[in-house]
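Asks: All chains, please: the whole structure from these sequences, using the hints.
Residue numbers (the numbering used here), protein chains in the order written: chain E, 1 to 393; chain G, 1 to 393; chain Y, 1 to 393; chain S, 1 to 393.
Simulated from the structure, these hints should not be mistaken for lab results.
There could be a bad hint or two in this list.
Note: identical chains are not told apart, hence a pair may lie in one copy or across any two.
Here are the simulated lysine-lysine pairs, BS3-like style, with alpha carbons at most 30 Å apart [as the list claims (entries may be wrong)]:
no.	residue 1	residue 2
1	LYS192	LYS259
2	LYS259	LYS81
3	LYS201	LYS259
4	LYS107	LYS201
5	LYS107	LYS259
6	LYS107	LYS192
Keep in mind that this is a model prediction, so the values were computed, not measured.
4 protein chains.
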Amino acid sequence: MAIEAGRSPTSSRQERIRLGMVGGGQGAFIGAVHRIAARLDDRYTLVAGALSSDPERARRSAEALGLDPERAYASFAEMAKAEAARPDGIEAVSIVTPNHMHAPAAKAFLEAGIHVICDKPLAVSVAEAQALIALQRQTGRIVALTHNYTGYPMVREARARVQAGELGTIRLVQMEYAQDWLTERAELSGSKQAEWRTDPKRSGGGGCIGDIGTHAFNLGAFVSGLEPESLLAELTTFVEGRALDDDVRVLLRYRGGAKGLLWASQVAVGNENAVSLKVYGTRGGLEWRQEEPNQLWVTPFGSPKQLVTRNGAGAGEASRRVSRIPPGHPEGYLEGFANIYSEVAEVILAARENRAPDPAVTFPTLADGLNGMRFIETAIRSSNNANTWTQFE
Amino acid sequence: MAIEAGRSPTSSRQERIRLGMVGGGQGAFIGAVHRIAARLDDRYTLVAGALSSDPERARRSAEALGLDPERAYASFAEMAKAEAARPDGIEAVSIVTPNHMHAPAAKAFLEAGIHVICDKPLAVSVAEAQALIALQRQTGRIVALTHNYTGYPMVREARARVQAGELGTIRLVQMEYAQDWLTERAELSGSKQAEWRTDPKRSGGGGCIGDIGTHAFNLGAFVSGLEPESLLAELTTFVEGRALDDDVRVLLRYRGGAKGLLWASQVAVGNENAVSLKVYGTRGGLEWRQEEPNQLWVTPFGSPKQLVTRNGAGAGEASRRVSRIPPGHPEGYLEGFANIYSEVAEVILAARENRAPDPAVTFPTLADGLNGMRFIETAIRSSNNANTWTQFE
Amino acid sequence: MAIEAGRSPTSSRQERIRLGMVGGGQGAFIGAVHRIAARLDDRYTLVAGALSSDPERARRSAEALGLDPERAYASFAEMAKAEAARPDGIEAVSIVTPNHMHAPAAKAFLEAGIHVICDKPLAVSVAEAQALIALQRQTGRIVALTHNYTGYPMVREARARVQAGELGTIRLVQMEYAQDWLTERAELSGSKQAEWRTDPKRSGGGGCIGDIGTHAFNLGAFVSGLEPESLLAELTTFVEGRALDDDVRVLLRYRGGAKGLLWASQVAVGNENAVSLKVYGTRGGLEWRQEEPNQLWVTPFGSPKQLVTRNGAGAGEASRRVSRIPPGHPEGYLEGFANIYSEVAEVILAARENRAPDPAVTFPTLADGLNGMRFIETAIRSSNNANTWTQFE
Amino acid sequence: MAIEAGRSPTSSRQERIRLGMVGGGQGAFIGAVHRIAARLDDRYTLVAGALSSDPERARRSAEALGLDPERAYASFAEMAKAEAARPDGIEAVSIVTPNHMHAPAAKAFLEAGIHVICDKPLAVSVAEAQALIALQRQTGRIVALTHNYTGYPMVREARARVQAGELGTIRLVQMEYAQDWLTERAELSGSKQAEWRTDPKRSGGGGCIGDIGTHAFNLGAFVSGLEPESLLAELTTFVEGRALDDDVRVLLRYRGGAKGLLWASQVAVGNENAVSLKVYGTRGGLEWRQEEPNQLWVTPFGSPKQLVTRNGAGAGEASRRVSRIPPGHPEGYLEGFANIYSEVAEVILAARENRAPDPAVTFPTLADGLNGMRFIETAIRSSNNANTWTQFE
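Replies: What follows is the structure, encoded as structure tokens:
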């Protein structure tokens, strides 16, 4: 080991935040990711769960995770109620179910006064998202959305550089998210992930657009800071027999004249998780690829391209504060995900301690969730309406 | 030097083809490229020229190139006439003027019985292109179009693999061509290249779409073999005061259900000449980037990605026959361009010798030129019509 | 989120292993890495520490980590004794001090019957290492060494492919580890990392060779499975005034005729943590770079190069069992480090449960530590002896 | 086509230089490369040849190249004599035979007053090289050596930056040249290239070291400007039955304290023509790879890495003057090779015109050839002497 570390988000320590989880039982994937993310910087401890809608599986999953059997619940409703009543009840809950359960579960915990960390997309409709916003305003609890790609340090770096005006006026935002795991009907071969993601009952009206298109859209918005005005979308289902879209292409117009192009696909053979973002302005451009997340390419117009690395020379405070280890020691997906958890933790802990949270804290909120739902609904509407320009409501 | 060479297109030798050139005088760029391309495999000799519309510049340019002063003409019309009358007159002509002169010059030489190698785009309208097709049918002369990216060996390799069915049924064709040299108004700073390319009188109705969008479109068609049915385009002029588009995004629908996405831009800061093509089918995918032209990425669905290199292991006959040197010894832009010239030479020489040309010969022709014009006109129409789907005529 | 996860090492759950730490107080770097690594898969809980040789700093560090003040010790000797006496005493200890303290601390905990996880290099001399081996044999406790690069899944993949004979007989092992953080005298500018690493009293007789050269050497041995016979080394101190080497080049001869080349440097400007390994055999070759750790390049002789990715198509069991998330979702340095901790945990837990550990468990042990010390001492001897071939003892 | 071209070496034009060739008949590889290189910038015309030591093959080869049968010679001796006697005799000759013929042929043409462009290595011994130097001094003719990698624009850029002091004092020069084409006994399977390159009678005493090791050595010297003092080498023959080395590793010491490391191999599976150079100094570092020749990585210590591209932003005069086309339009191996020819042409033409040549002209000369021979002989001596440090004579 060799070089000075960047500042880590684990710099201080208090009693850990008591966390519950809805969904994420055995066989699920994203639940395990959330648990690692919560644990990584040591600010949460998992103490309760409603880990599956199948009671036996919920019980076995809770046991495997070492939860107190008393706090292994059969439903999120029961859990919200019981935990709210305990003196040592959970302070926050992670919701990692299929999409259709996100909003009902979030509602139950908000009403019980419990902070919510919810997987994306926030809901299955704009209306659901709006109702949550209204509810959140009443309760004052936090709702964070795990648009985890915004947790990557070099995405933070990109955003800070745009905010600082380094690119001049933004003209173009190019967003891509290409995968190939749905090239064939994986949903018929026993893949639970594929099953619910291609099922309108559990995913909502969008397939690829909700599953990964929203990630790309959110990433573009996060870095560019631009507000979308309208879009023109074409959703396609390439794989015969599939009910939802597996490929999406969207033209976007942002307030102020910038334009966006978003392509998301789950049938692009040779792509594993190829999220990328390119932003071009009057004075500079930048490019980032999720599969090499520790690198950000920055080009001031008329100068050579620069390779800015996480915690390396030229990296600024926005990325350093969410970096743990020195440049050249790659941090990855779990660390980016953990940054979302640690940012939320700072706000929860500040509230607990009656102090203002670090003003630099940044994480996706209900507003982002609502924008995501608007994006999905507007895109579906445009696609169903002969791919015509459609206003964001 | 180390390894066995691939077969070169320079394998046989006859008296060189006598070549003339229209445009390409001092200060021009693409003329020099054509001259190197013609010379590289030693099948042409430049003997006449109408190198500039400015007579003094034409004269000086011809002198610098060592042309016989008698064959340095003041206009292409004069040159076509005079050369057709000489027993040692040119057999072929390269047209490397601004776009608006392409079709008139091509017409003059075809009528004089002289083969034509024309820079792209072929013309400034579909009508002009159609008239050339009619004329070419009468004369039987060759018209080749220097969509030079189709001359790269690994583009040939990609096409051969698609034709062989390696990718299954094609679903997606992703075409990009990004540059940044028009990020500011270079046309006001004395760049001749920028001046005519942003001038509707000399470029035709399209800016970026004609200059580079057609290259990307042609590349997608060449490799995929798909025929476009309709498109939806948005042309944008980002730089204030500019008369033509400098950014283009196009959705495409091909016959048979495949879809295309094309983005071309001349204001994407940090991109020099970032042409890329990705093709995805039911059984495989491939990716190629012009700035690393000796590499083709191929992924059979469910297998690791493979890096196929020019003349390397796994490269097939289609790429080997247009390769000159061993793998790892990079060939570039000029070699790809030269392949177009050498392919055309084979046909001219075969005709001279009354034999059938090598059946493997491939180069862009009037049909491609017409498709290019259709692409431009259809895209402009769609863009002007609220970005709606518009049929290729 | 999108694709099925690989099997995670967190698949089962028991009471967490009680862990102590020596070194790693505030201002240290590698201590934080060890704590995250221990926590990531949720198999350890940190309950005691002798975190600094400075008592006040030890106390503050323990407080910040939330340790019971009673278990915040002023010295490792005191800690070993006290913890061994507690019914709930630590089962394992992480030693993350400067090098000269490794062996004394390891000795103290082994004698107290406590498992040891020790940062590399194991000791400051071969003799120290041998004494530890003798002691470990008596106690039966585990000593694991955090040669963490062997924890990366694609390093495991590489090793498995070599073991399976995919490369034929190995001929060449090329190891590199390049950094630039000691290009200037960082040790004079307040960098604690630089201070002790360039101080013979705390680092032992090797600078660069012990700090990073041993990592590269260990990586080559781990993947190739080859045993070194002799070496020829040149250690250089480029930065004036520095007491220890900052650049190392070593020729290696392995049993059976293979040859190795190792270059490690801390003055190679532009390199952050550029660890790489290339292995070439009679039938194939492979290449891995730490800064893109999820990729392994594999070339069967005469075939195209393949890009094998963590958990992707073609990746085998050896890498899958230490992967947590799907391909395209990068895992990094901390995950690789955590794999070492989780492998050790499996053995500790198996012992606790009186069962055989998973036979696939792999982590660096005292034998590797001894080899590392032999490498350092032999290299120093060769370097001091006019760079002549010197046998490994 | 899009952007302003760099200045091309083809900017002026005179009567072409009359060129002859020794070797390079049908079946040879490097001869065709030299012919393309000579032709590319249109400054040479091939008019005579002794293309093979097999008379029938020499005749057929000359015919295929369209040479006047009278000037198709059976031996280089005959050719030197006959051409020197003609008023239109050749002004320069390209020598592209196996190594053992280089010096005898060069001698014959120098004595005939004809400039020589010779493939590398210059000779098969230091003594031969020294004799040529003495002879060249008497005749005043040019001898250029096609260490073609020095013709790449970004290699020129690298050299200029070192000369300008951008890297400070050089500490490290890392040279690699890896191939895999001799992994098996290609010399037994009918590869003419492999046959003579592994035959001591035709290659001289070095195999890999002479064939490619000298290229890497020359490249390091060209860019760093350093003079070698001594070396320590290990030459290995991995493939059983082969007479010459197929793998080479060399430690170098340069005057002034810098150190070098050179690895060349022809059995490194997965490498096609992986030439690379890395130079590190007190203030900066740079890296170049031949397979991506249009890119140069430059890192000022403490700043982000920069990607400088041929003719792109930041590229200086040294690279621009040998570039033909805009950035992003890759130039490759043949263009780099052609730069050597065009540099030599400038000197020949200047002599013809009684003017001073462009002072920027740079090409490898007899001095480089002699250094190459010293490198080979010293390395063989060191390798045969238990790999001990050996002075350059």
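Asks: Work down the list of hints and note, for each, if the structure agrees.
Replies: A quick look at each hint next to the structure:
1. LYS192 - LYS259: between (37 Å within a copy, 29 Å between copies)
2. LYS259 - LYS81: neither (46 Å within a copy, 50 Å between copies)
3. LYS201 - LYS259: So LYS201 and LYS259 pass the 30 Å test across copies only (28 Å; inside, 33 Å).
4. LYS107 - LYS201: Answer is within: at 19 Å inside a copy they meet the 30 Å cutoff, but 61 Å across does not.
5. LYS107 - LYS259: This pair counts as neither: shortest intra-copy Cα distance 35 Å, inter-copy 41 Å.
6. LYS107 - LYS192: within (26 Å within a copy, 50 Å between copies)
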